[in-house]
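K.L.:
So the chains spell out like this:
2 protein chains.
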Amino acid sequence: MQHICLALLCLHLLLLCKAEEGLEFPNFDGNDRVLDINERNYKKALKRFDLLCLFYHEPIPANKGLQKRFQMTELVLELTAQVLENKDIGFGMVDSLKDAKVAKKLGLEEVGSLYVFKDNRVIEFDGEFSSDTLVEFLLDVLEDPVEMINNAMELRAFERMEEDIRLIGYFKGEDSHFRAFQKASELFQPYIKFFATFDKSMAKHLSLKMNEVNFYEPFMEEPAILPGRPLSEMEIVEFVKQHRRATLRKLRAENMFETWEDDLDGIHIVAFAEEEDPDGYEFLEILKDVARDNTNNPELSIVWIDPDDFPLLTTYWEKTFKLDLFKPQIGVVNVTDADSVWLDMSNDEDLPTAEELEDWIEDVLSGRVNTEDDDEATNDQEDADITENSSENEELDEEYDSDD
Amino acid sequence: MQHICLALLCLHLLLLCKAEEGLEFPNFDGNDRVLDINERNYKKALKRFDLLCLFYHEPIPANKGLQKRFQMTELVLELTAQVLENKDIGFGMVDSLKDAKVAKKLGLEEVGSLYVFKDNRVIEFDGEFSSDTLVEFLLDVLEDPVEMINNAMELRAFERMEEDIRLIGYFKGEDSHFRAFQKASELFQPYIKFFATFDKSMAKHLSLKMNEVNFYEPFMEEPAILPGRPLSEMEIVEFVKQHRRATLRKLRAENMFETWEDDLDGIHIVAFAEEEDPDGYEFLEILKDVARDNTNNPELSIVWIDPDDFPLLTTYWEKTFKLDLFKPQIGVVNVTDADSVWLDMSNDEDLPTAEELEDWIEDVLSGRVNTEDDDEATNDQEDADITENSSENEELDEEYDSDD
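First to last, the sequence lines map onto chains V and B.
Here the first sequence is numbered in full-length UniProt numbering, starting from 1 and rising by one per residue.
Here the second sequence is numbered in full-length UniProt numbering, starting from 1 and rising by one per residue.
It is worth saying that the hints were derived from the structure and are not from the lab.
Be aware that one or more of the hints could be misleading.
The list treats identical chains as one, so a pair stands whether inside a single copy or across any two.
[As the list claims (entries may be wrong)] Listed below are the simulated DSBU-like cross-link pairs for lysine-lysine, each with C-alpha atoms no more than 35 Å apart in a straight line: (1) Lys319 <-> Lys43; (2) Lys101 <-> Lys322; (3) Lys104 <-> Lys288; (4) Lys327 <-> Lys209; (5) Lys172 <-> Lys319; (6) Lys200 <-> Lys327; (7) Lys98 <-> Lys118; (8) Lys68 <-> Lys87; (9) Lys288 <-> Lys327; (10) Lys322 <-> Lys44; (11) Lys327 <-> Lys250; (12) Lys87 <-> Lys288.
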């Protein structure tokens, strides 16, 4: 995150009925909990807390407006620190100029990022910078990186987590093979979930042999088996690194910017579908079919966005992409200019079939459908099924961004 | 909401990588969109917008601190208005003193509440007062109150919505019976979901006869059939009113305060369970069994809270109730003082069975387990299985609330 701007000041405010107790949202109490990290105190801070969260920032700007934004960042951290006060988590700010030496020693690289230190590991947070998301993220980081599956009910919970990348291993107990698995899990916490079982009947249900590890790609029915057993930490890590970009991946607040930055040749295939809406659900099921059919295509990764998860972005997307997000949509987005092309589903009573979607995706991957064709203002558009929204959007974008 | 205090100023702030486009959170642009409603303009405002959102507030306080809180409320509305700018939703403030006449004409009653006017109806919002929640709520209100189920995939989506109160009716088409159903749906939008089908095979799958309406209580496997058919609007409304307090109900940001205020004799049975966590999932399944066994007991309504939905409240609950919310918990909470008693599950490897839970719930309903017994500092506690947290909590609470 090199060119950072603070794009939103979203104020949450809670009205509370004092007559009833039990739902009191915390009010920032004004106590300063976020440390100013420097050469003298960083080692102590690392030692003192189970987790240490450091925000690596540019020098405090002279400009008043930017100063205000900086204070807002601090306030998000302060409220997070207050809420998590009894959890043994430290918070600090590291100035990229004043504290350059400390930053180097700690390995902080991207200005504007938040780094979480746990034991001897560093976890970078690249999600929505809000107290809600941060609190949830940090509580996840506090938990054990490997979760045990001991009974049939827990197994069912595991099987229901189809949106997550999950690994599960069967081990005899807390032996060296399990510890290798555990070590590997630490590198991916909390983004990739690791599970283990020591129970023979659980393993049987999962068709897991002793010391075997399975990798579940999101939305796939069958797991991949990691080659070889027992596996070393390195072997597990390498496998996960190679397979972590899923054919269908859900955009999540906790790592949304990381996901968005991981584009394929500057574009994303983006699908909007509200899971709670019957149409959205139907479309998502079709998407899953397409993803399952194409899981071995490394060129294909569809970003699924559930508008319900991002209420503040919904109308921005509608404006930028000129879409109606009450209905499911799929399109190609150029991430450098947000130029986009969307599959026209407006004339049909029914959603496209999996086959129709696959044809369209093939056209995208082959370049027949792309965001650039109409930029040259030609009329020889090959595919009449495409709506192009970029030209109108540029004006809208400008209007929209003018107050940044 | 008579005694209102603004309990949280939660600042959201977005860091954004400018190199990549497509995820830009809105920044409040400083334009004033929230109207000052008065006798001269309220009729025009009602006419002009599809939806009109009015915040009914106490006179602007003289106290500077309270003024700031008031400005924060305004800011939440302003950001919401900005985000929804192209949706034809109006926003306004009504002063309970200055605009008393208007308030009376509009039927505004509870100071501190937000009222949404749609056609000739008024919908009261009693949830988390944040832009996220408000935007989502208003987008839901904009949609048609009856959603059509046309095919098997949509039916599957309908069947998956086990957390919601849902009604579904089978009609010939848009006839008077369907319209009665539609009229009834408007009174409960968006809190209670109404579906309809005109398709014979869908109706057959749902065992619905022509003009019949089924009521699905959350987490129940079988629906209740509304007596009589065809049904009048009134008959549907009355049935929903009588059955809307479910045996197991999930706390949601959009109406959390309403749910909390709907206690049974001043107490709530509260269950904390993280659905995404294997233990939490297991506990929730047990709870559902208990709810299904006791669905006809009007005395029983368990409030299920998924801590994942309320990251900012999690540690507050841990402090107030002295709990570890990494694990599932169930207890009784007195809503007037947040005094509480929790079922001790710490010694067991396994979670309680449905039978054990039912025994405990019976003890709660009969008063054998209650939040008051230990307040008299007696040692003759009947049930050793109970942890009482109230006395220690009072101090903690005071400490916690001291900055309010």
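K.L.:
Quick one: which hint numbers does this structure break? Sort them smallest to largest.
P.N.:
2, 3 and 5
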